[in-house]
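Q: For reference, the chains in residue letters:
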Amino acid sequence: MRILVAMSGGVDSSVVAATLKQEGHEVIGATLQLYDHGQAVSKPGACCAGRDILDARAVADRLNIPHYVIDAEERFRSSVMASFADSYARGETPVPCVACNQGVKFTDLLSMARDLGCEAMATGHYVRRVEGAERVELHRPTDLSRDQSWFLFATTQDQLDYLRFPLGDMPDKDAVRQKAQEFGLAIAAKPDSQDICFVPSGTYASVVEKMRPETGGTGEIVDESGRVLGQHEGIARYTVGQSKRLGDIHTKDGRRQIVKRIDATTRRIIVGPKENAGRHEFALRDMNWLIEPPPEGVRCHVQIRRAKFRVKPGSIRLPKARGSCWMISPCPHLVRPACSIRAAGFWVGASSSPERALPWIVSSSVRADTLPGPYVVGWRYALRGSMCQTM
Amino acid sequence: MTVYLDANASEILREGAMEALLDAARLTGNPSSVHGPGREARRLLEDARDSIGRCWQAGSEQVIFTSGGTEANNLALHTFGEGRRLLVGATEHDAVRAAAPKGEVLPVLADGSLCLEALEAMLREGPPTLVCTMAANNETGILHPIEEIKALCARYEARLHVDAVQLAGRQGDGIEPLSVGGVTSLAISGHKAGGIKGAGALLLGAEGHVTPLMRGGGQERGRRGGTPALPAIASMAAALESALAQNWAPIAALRDRVDEAALACGAMITGDRKRARLPNTTSLILPGVSAQTQLMMLDLAGFAVSTGAACSSGKVSASHVLYAMGLGETASCAIRVSLPWNITEAQIDGFIAAYREMASRLGKRGA
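From first to last, the protein sequence lines are chains P and V.
Take 23 as the starting number for the first sequence in my numbering and just add one per residue.
Take 30 as the starting number for the second sequence in my numbering and just add one per residue.
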C-alpha cells in the first residue's frame, strides 16, 4: 500500500521507512521543517535546514523513495513554541513534544498523507498498535525502556486507525541500529537526540527569554510567608517541585526546600519544605478514552510523568453526574503536594507485573492542565525524553 | 515516465547543445595556452562568444563568461552598484535580491509588471543609481516593460542591469527581441536555455572594465579569473542559437490549453493573461490547496512542476513574487508549470487529466 513515513532523520524513523520499503510498500518520506535551524543556532547564513533534515533526505535517496520537506514553521511557532514560552511566562513548565505530536504531526501531516492517497502513516514511535476484536488498540512497546505511549496520550481513535508504529515490536534500540546497519543507512550510529528539538544548544531558558523577555532577569526567592531568602536568575529557569538552583536556600532548618510556586506577575519563586504526604485523588478532564468507558469505573495502571517504569496501580472512578471530573486514586506517594500534573496515561490489562507488562492497553489518558492546586512532577526532566528524535 | 514541466528550473538539453558539448569536451587544450591545442580551444571559446554576442547585438568584447546566472548577476551588482543607490524589483530572483541586501524595493503592479510611475518617482530623487530588474519573471513568466525602463534610466542617467536569465532562449511569439543597447549589463544562463549547467554570461552594454569577483590568471580580459568551462559555454551558445530558431507559437498554444483547463477546474492564473508572458510559463493557483500538497500529488502521479522557491533542503517557501503582486494567502497555493522546448500534446493531455483529478479531489476546500 501507499504509506507516508514521518522521517526525522534519526535512526528510528529511517528504519521504519527502510522496513516498509523492503516489505514492498510504496513508501513516501516526509520531514517536517519545524523551525529555522540557521536562526536557532544564531548563525547568519546557516542553512535553514538542520542536520536532521539533510540526514532524512539522504536516507530517502539511499532507499530510492520520494521525500518531501514540509514547511511547518509557522504552525510550529504558533502552536508549539509560543505556548511553550507562554507556559514559562505563567510560571509553568510545559511538554512541547505532546503538543507537536498532536497538532503538527498527527493532525497536519496526517491529513496531508490522506490527501496524497496514502492508506496509512507510519512513525518511529516506540508503541504498539494492536488490532483488537472491537477496535484498534494502543499498547506499550516490547522495549519498555523506550515506551512512548505516555507521550501519545491524546491520540484519537481515528488517528490510531490510520497510524502504524513498526518499531513497537523491536526488542531494543540496539536491534534497531543493527537493522539500520543492515540496510546500509549512514545514520545507523547517530546518537539519540536529547533535547527539545528547537533548543539545539540545550539552553531552553535563553530561548524562552528571547520569546518572552519578561521571564528573564533576576527576582526574589521567598518563603511561604513572603520573607525574602535570596535572588534567582529568571523564572524560566525554575520548575515547580525542583530543589536545584536554590543555592544556600536548598536546605533550611534541616529540611530540604523545593519550589512550591512560581508567581509570574511578581517574578517571585516561592519555596517551602519538601513534604512526603501524598494525595489519593485528583481530578481529570478531557479524557481521551481508547476503550468503551466502563460505567462502573475501572482498575488500571497509571503514569503521570515520563519516566521509566513509573507505572503504578490505580483506578478511575466515574462521576455520578455528567460533566464532573473523573477521579483516580493511585498510590498516595505518586502525587505529592507542590507539584503540577499536566497529563496522565492509564492502562488496563491483566498483567500483575508492570515492568514486564507487555499486553497492556493504553486505555485512556487525560489532559489535566488546569488541575486545582499544585501537585507533582519534574517536567524539565520529562522534556529530555527521546520524543523529538522519533517524530 | 515522468512528464517534465519545470523548464524554468532547468531546460531540457537541446540537440545542437549536446553536439557542441561533446565536441568541446573532446578538446584537451586550455584556451589560455599558446600552442596548437590551446589555439583550438580558444577558437571554440571565441566562436561561442561571437555567437552569444550576436544574439544580443553585442560585440564579443562585451561578453564575459561566468559560471551561471547567479555569478553574472553578482558580478553586475559588484561592479555597477558600487557606491550607488540600488533599486531592485520586488519580484527579482534571489540571485539579485541576496546580492543587493541594501537595495530599495521597486514595487510591481497587480499584473506583475514593474510599476513605471514608482520607478520614475524614485529615479527623480536623484542620487547615482543602479536599477536591477528582470526581463521575465521565473515564477509567472510575466514580462517587464524593458524598453520603457531603459528610456527612464536613460532620462535620469541611471545604470540599468537586466536579469535576462529566463528570457534568454525563450524570445519569440510576440516578444520584442531584447538587445544590450541601452542597458549597462545583462545576465544570462546556459542551462535555462537548453545548454548544460555550469555556464552563464554577463553582457555589457558597452565595452568596459568590471571589478572581478574571481581573481586569477587574467582570463576574460582580466574580468573573470579561472579557466572557462568550455563544454558548458559551447552548449550555451548552441542552445541560444537553436532557441532563437524555435517556433514558440505551438508551445504557447499548449500553455494556453493548460490555463483554460485549470480555469475550468476553479483555478486562477497569476497575473494578466492578456499581457505578454513567456510562451512556456504559467502560474496556477488552486485556492485552499497548499502548493506543497499539489507539488507532491503531481510528482507522485509523474508530473514534475514546481513552486515559487525551494530552499536547498527542498522545503517549499512562500513565494515573495506572488506576495509582491498582492496575492496574500493564495500565494501559497500556486504552482508553476513551465513547458520545455520539446513538449508534446500527449504530455499536456496527461497533465491536464492529472490536474483535473487533483482539483476535483482537493480543490473545493478553499471555496
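Bear in mind the hints are in silico, worked out from the structure with no lab data behind them.
Errors might be hidden in some of the hints.
On the chain P side, residues computed to face chain V include the following (Cβ under 10 Å) [unchecked claim]:
(1) Glu-48
(2) Ile-92
(3) Val-244
(4) Val-250
(5) Leu-251
(6) Ser-265
Okay, the calculated beta carbon distance ranges per label pair [claimed, not checked]:
(7) P:Arg-136 <-> V:Met-30: 47 to 57 Å
(8) P:Thr-225 <-> V:Val-134: 30 to 40 Å
(9) P:Thr-225 <-> V:Glu-48: 36 to 46 Å
(10) V:Gly-317 <-> P:Asp-191: 53 to 63 Å
(11) P:Met-23 <-> V:Tyr-352: 31 to 41 Å
(12) P:Gln-179 <-> V:Met-297: 37 to 47 Å
(13) V:Met-297 <-> P:Gln-200: 49 to 59 Å
(14) P:Met-23 <-> V:Met-30: 43 to 53 Å
Model, not experiment: these values are computed from the prediction.
All residues carry an ideal CB built from backbone N, CA and C; glycine is no exception.
Q: Would the stated hint for Ser-265 (chain P) survive a check requiring a Cβ distance to chain V of less than 10 Å?
A: 42 Å, violated
Q: Mind checking the hinted window 53 to 63 Å against the Cβ distance between Gly-317 (chain V) and Asp-191 (chain P)?
A: The hint (53 to 63 Å, Cβ to Cβ) is violated, given that Gly-317 (chain V) and Asp-191 (chain P) are roughly 40 Å apart.
Q: Grab the minimum C-beta distance from Leu-251 (chain P) to chain V and call the hint holds if it beats 10 Å, violated otherwise.
A: 49 Å, violated
Q: Report holds or violated for the interface hint on Ile-92 (chain P), using the least CB-CB distance to chain V and a cut-off of 10 Å.
A: At 6 Å from the nearest chain V Cβ, Ile-92 (chain P) passes the 10 Å test, so the hint holds.
Q: Given the hint of 37 to 47 Å, is the C-beta distance from Gln-179 (chain P) to Met-297 (chain V) inside that range or not?
A: 39 Å, holds
Q: Could you check if Glu-48 (chain P) really has its C-beta closer than 10 Å to a C-beta on chain V?
A: 9 Å, holds
Q: Are Met-23 (chain P) and Tyr-352 (chain V) spaced within 31 to 41 Å by their CB atoms?
A: 38 Å, holds
Q: Taking 49 to 59 Å as the hint, is the beta-carbon distance of Met-297 (chain V) and Gln-200 (chain P) inside that range?
A: This hint holds: roughly 52 Å between Cβ atoms.
Q: Is the hinted range of 36 to 46 Å satisfied by the C-beta distance from Thr-225 (chain P) to Glu-48 (chain V)?
A: At 59 Å between Cβs, range violated.
Q: Do the Cβ positions of Arg-136 (chain P) and Met-30 (chain V) conform to the proposed distance bound of 47 to 57 Å?
A: 27 Å, violated
Q: So does Thr-225 (chain P) sit 30 to 40 Å from Val-134 (chain V), Cβ to Cβ?
A: 37 Å, holds
Q: Given a cut of 10 Å on the nearest C-beta pair, is the interface hint for Val-250 (chain P) held or broken against chain V?
A: 50 Å, violated
Checked against the numbered hints above, the structure violates hints 3, 4, 5, 6, 7, 9, 10 and 14; every other hint is satisfied.
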